[in-house]
Each structure stands twice: as structure tokens, then as C-alpha cells.
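S.K.: Please model the complete structure; the sequences and the hints are all you need to start from.
Protein chains in written order, with the working numbering: chain R, 1 to 242; chain C, 243 to 473; chain F, 474 to 704.
If you are wondering where the hints come from, they were derived from the structure by calculation, not from laboratory data.
Predicted, not measured: the structure shown is a model, and the values here were computed from it.
All the pointers check out, no bait thrown in.
Computed from the model, here is a short list of chain C residues facing chain F with C-beta under 10 Å: (1) Ser423; (2) Leu436; (3) Ile440; (4) Leu442; (5) Thr456.
Label pairs and their calculated CB-CB ranges: (6) F:Glu536 x C:Leu257: 21 to 31 Å; (7) C:Trp253 x F:Ala609: 57 to 67 Å; (8) C:Ala360 x F:Leu499: 23 to 33 Å; (9) F:Leu686 x R:Arg123: 52 to 62 Å; (10) F:Ala493 x R:Gly12: 50 to 60 Å; (11) F:Gly602 x C:Ala467: 18 to 28 Å; (12) C:Ala270 x R:Gly125: 53 to 63 Å; (13) C:Trp253 x F:Glu536: 21 to 31 Å; (14) R:Arg59 x F:Gly602: 55 to 65 Å; (15) R:Gly69 x F:Leu499: 56 to 66 Å; (16) C:Val331 x R:Ser138: 54 to 64 Å; (17) F:Ala616 x R:Gly12: 46 to 56 Å.
Computed, partial: chain C to chain F, Cβ under 10 Å: (18) Ile408; (19) Leu444; (20) Tyr448.
Glycine included, C-beta positions come from ideal geometry on N, C-alpha and C.
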Amino acid sequence: MIAFEQVSKWFGAYQALVDIHETVAAGERLVVCGPSGSGKSTLIRTINRLEGIDAGRIRVAGRDIHSPGTDLNALRAGIGFVFQQFNLFPHLTALQNCTLAPRQLGRASKAEAGERALALLDRVGLAHKADALPSELSGGQQQRVAIARALAMQPSLLLFDEPTSALDPEMVGEVLAVMRDLARDGLTMVCVTHEMGFAREVADRVWFMDAGRVLERASPGDFFQRPQHPRAQQFLAEIRRA
Amino acid sequence: MGFLEMIDTYWLYFLVGQYPDGPLGGLALTLLLATLGLLLALPLGLVLGLARICPWRWLRWPVTGFVFVVRGTPLLMVVFWAYFFLPSVTGHKTGQFSTMLIALVIFDAAYLAEIVRAGLQALPRGQMEAARALGLSYLGALRSVLLPQGLRHMLPSLVNQFAATIKETSLGYIIGLAEISFIATQVNTLVFTLPTQIYLLLGATYFVLCFGLTRLAYRLERRLAQRLHTP
Amino acid sequence: MLSFDVSLLLAGPYHEMLLAGLRLSLTLLAITLPLALALGTLVALLGLAPLAWLRGLALVFVESQRNVPLLAHLLFWYFGAPELLPEAAKEWLYGQSFEAIAAVIALSLYAGAYMAEDLRSGIRAVPRGQLEAARALGLGFLAAMRRVVLPQALRHSLPPLISQTLNLWKDTSIATVIGVGELMYQAAKVESASFRSVEAFSFATLAYLTVSLLITGLAAWVQRAYPPRAA
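M.R.: Put into C-alpha cells, the structure is as follows:
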């Protein structure tokens, strides 16, 4: 589904991604973890071109996303992205946040978009808040609406950039529950997160990143019980200590 | 002539100038000029403001240059340029009203461009990212997500700009436009003995208009801050 | 297309007139700027006084200045205010070049009101603990303000104050309405004497833009050299 071919990226003199060469299979649930500054957020943002790359190639569904003929907006419409800061549109209700893109991009009529949005809000447990403005919702509720919004475009791939990092601890659970539920659907999911419990339960595979490189890739069981790379061992030890 | 007598004789002249026996003047002209000026400047200012932050350099640079030049020049200079050169550009003699109107539109558009630019740049970066991540185009994102939020934030600034435009109309005096400052001086020449009172009255008229508007802008700002307050 | 005769601007009587105008404009700026700053500081402090009527005074001053156009202020000070003086004083006043004095008064008061607001918000940006700490050491209110709060407040106020200086510079052009021989006045005179409007107004525009550029450049430098210190 996703292929990184020798991908590198620099921010000025600093190399954020160093020669990333990996693949993500269709339907796979991947968790990317690592210390701050390891490049995991940068990596996930290159998939829908919120960040560009300086070397290498990225393929989504077999197509080079940087090739000259690529329709950027169509690419993004097929990929769902959930932000750490939610980024809901404050001037629109929860329902309107979910129907904006389908209607404006001509994918659905007002009625169809509304029906689908309501179904999705129901799925994330917020059908009763369909007419609420983001300012009237808690952080956890906003993030769940953000997930519904990403799903409204019926994407084939879902990306989560630290979806629970900005939430108060008591709200993390409700968002993870939604993500766990989604994982059962068979969608390809890539999730950058610190929530190791979630990774253990849901992920098919875990990538450990540090200093711009993928240092270890393993099943959750193997990664959490028998980490191979010394940096991964160090990272897990620190997490357990915390 | 006493103060009250002066009011009694000239109140209509203050309000509408020589109308209907001549062109519109006085307070009515001031308000008409300010309203028309701001209304026409708004779409131009919006376009210029968007151009100031668009990703295309060929558009951004000339517009930035234009805005900088207009904002670095006194309004009176813009009025004089319009006054002396509009006739040769348009081919026929341009009246004082049209001259003043065009000068105001150009001048205000440059200031509105900055208000638009600041209003859009104050929005969190995540809004544009979220909109683009959903697949909306740059213009689509502007239209559905950024501008609706931005314009709401800009409303107090726009009301303040209207108050500023009312004050700007006073420069029409210098090219002989019969707006309220000009009328006041006319009356002063006729009456001769009440300059203090006449000019205080002139000041009071502007004060009522502009103070009212700036208070409105202040209330709008407060209401806006309350409404968008996130828990 | 009109021919542009640069030689006109570089030497000769018109050149002299325009330069004299520029000199007077710069002189006006040089005189009114410190006056406006001093007045602004005084009014800003009044606006923070413990006595309500002092605060009210500051409010009345600021609002009455800001909601009336500068042109109306100039007309008032030149035509209206002298009437309040005894006859002899009035005679003497008009014997001097009173228009320049009236312009200085009007410009200083007008700019002072805007600067007062900028200084007030600068003072408010200084954490309250600073004043409290100074008072706790035994300093009186004014001393605390002068030694502790104002120096810090100035750094916050610097950008808007420089913006007001820019406005003050452009506003000197309006003094032309009461006959002050500054740059705008001279440009118009050169135009009516020689009919070379393009050259005259280009000179004036360039002069205004250059000084505006210098002031803006100064602003950028100051902001980089003296940013507000973190508490």
C-alpha cells in the first residue's frame, strides 16, 4: 500500500529522515514509535505530502505521489489524516465539519453527505453532538469528530499523528477505543503514538525510529518482549520506568 | 448673529449642502462618500490581501510593492494624483466627488489588504493543513475554511476602518468638495463671528459618528472573543 | 505622454521651493514628535491614575482627539481657538506665522492621543508584579513608573509608536489646509506656477516615501535590537 524508497529529508542542515526504505502492506495496522525528534511525525506527514521529501520516492497504491501528473487534492482525498491538535473547523458544527469535504469536492449531495456523517458520528459515539460547535466539545470529543471527518471521505488509508498526545489523560481512552474499533475494519492504518498498550493490542507491526532512521521493525510481541536494537531497548526501559 | 440663529439658518445646509438646488453636500455627502468608498474598497482590499499571502511570487511581489507605496504616501498625495491625472486617463473632466471616491478606494484597499492579511495569518496553521489534508484545493480551503473564520475576526477592524474613512473624507475640503468640513468653513465665512462654535460643532459631528462606530467595533470584538472561547 | 523634465527638480526656483517645503515638513515632524511623546506619556499615566476623574480626563482627551479628523482639528486651532483670546493677543498671534504654531498644536495633540493609547497598552503588558515589587521596596507610584515600569513598557510600545511616527509624518501634509508652506503646499504651488504636475508630485511622493522607508527601516532595526525582554 505504501512504499518508501530510499527517502531522505532535510530541514536546512538537519537531516530529519535518513534513507528510509520500507513498505506497508494493504490492510496492515502499523504503529511508529520512538523518542521525540526521531522523525516519526515527519515521516507520516510525507505520505500525504504535508511535508515534501528531498531524495527518494514514496508510492501510495503503487503510484509515485511526487510524479508531475499527480493530482494532489485527489491523493489527499483518498487518505484520512488525524492531527495531534484536532484542527476541527471552529465555525462549523461537528456534522458540518464532516460534510464539508464530501460536498465541496462533489463526492456526495447534501443529503448523502449528511447521512454518512451522522452514521460516522454515531460510530464514534457522538451522534447526539452533531449540531455542536467544536468550542462546545471536550478535547476527546473533538478528536473523535476529527476521526469521523477523516473517515467521511471513505479513504483507503488512515494516518494518525500522535492523536492522543494533546488530550488530558482521562480522555485518551475514548479516542483509543474508537481507533481500536476502526482497526477491525481492515483499513490500512499508520499510527504515530506513545500509547504502547494500544500498539500491543492493535498493531500488526511496530517500527521503532530514532534520529531519522527506522532502527527496528517487528511484531508487537517481539518488539515489546525482545527488542533487538540497543536504542529500542533503552527506549522501552525508559518508558517502563516512567 | 447668535449661535442658535446660525443653527436655525444653516442646519439644512450642514446636513445636505445645496441639494436639491445643487449637488449633494454636507453630512449626507460625507456619509455617502465614506459608505461608497469602503464598500468599493472591500472587494479590492480582499483580493489584494489574498494576493499578499498567496504562494505565487509573480502576484505577491507587485501587490506588496503597491500596498507599501500607498501606505507610505499621505492620503492627500493620492488625492492630488487622482485630481490631476484622472482627467487625462479617463479622457474627460472628473468631478471632485469621483476624484475623492477613487482616491479613497485605492487608499482604503491598501489598508484593508493588510487587515485581511493579518486576519488570515492569525488563523492557526492547522486549519489550512486540515482542509488540504481532506483534499480541498488551496482556493477551496480559503473559501470554505479560512475566509469564513477570518472575516468574522476582521469585523471589528472593518468597523474601525469605516470610522477612519469618515475622517478621510474631510480631505475633500482641499479639492473643493462640499463635504461637511467645507460647508462649515463656508458658513464661517458667511457668519464670520462664530468660528469657535462652528468648528466645535464640526468636531462634535465627527465625534458622534466615529465614537459610535468605534464603540460598536469594541463591542463586536468582545462578543467575538466570548463566542470562540474554547473550554 | 507627458515629458518628464527632471532638470526642473534638480536646480532652479522650483527646486528651491520643493526643498524648502521638505525642510519645513521635516521640521514639523522634529518638533511635534517629542511633544506628542511627552503628551502621550502624561496621558497614559493619567489613564492609570487611582482617581477616577483623572482617568476620565485622559479618556475624554483621547477620544475627542481620535474621533475627529486632523483637518477639523487644524481648522479649529487656526480659525476657532484664537477667538477665545482677547483681541490684542489675537492680533499678535496672526502677526506671527500662526499657521505653523496652530499646526504644531493640532499635530501634537492628535498624535499624542494615539501614542497615549500605545503607551498604555505597553504599560499593561508589563507584569503587575513589577510595579508591586517596586512599591514594596518603598518607591512612590511615579518613581516606580519612571524607573521600573516605563522602561520596560517602552519596549512593548516601540512598534506601534513607530507606526504612529509614520502616521505623524504623513499627517504633516494636511497642514497645507491652513496655509503652512510644507512639502504638499509647495508641490501644489509649483504645479500651479509651472503646470508641471508630474514632476512636482513625483518629487513630493518620492520624498514622503523615502522618509517613510527610513522610519520603517528604523522600526525593523529597533525591534530586532530591543525586543521585549522575557519576565
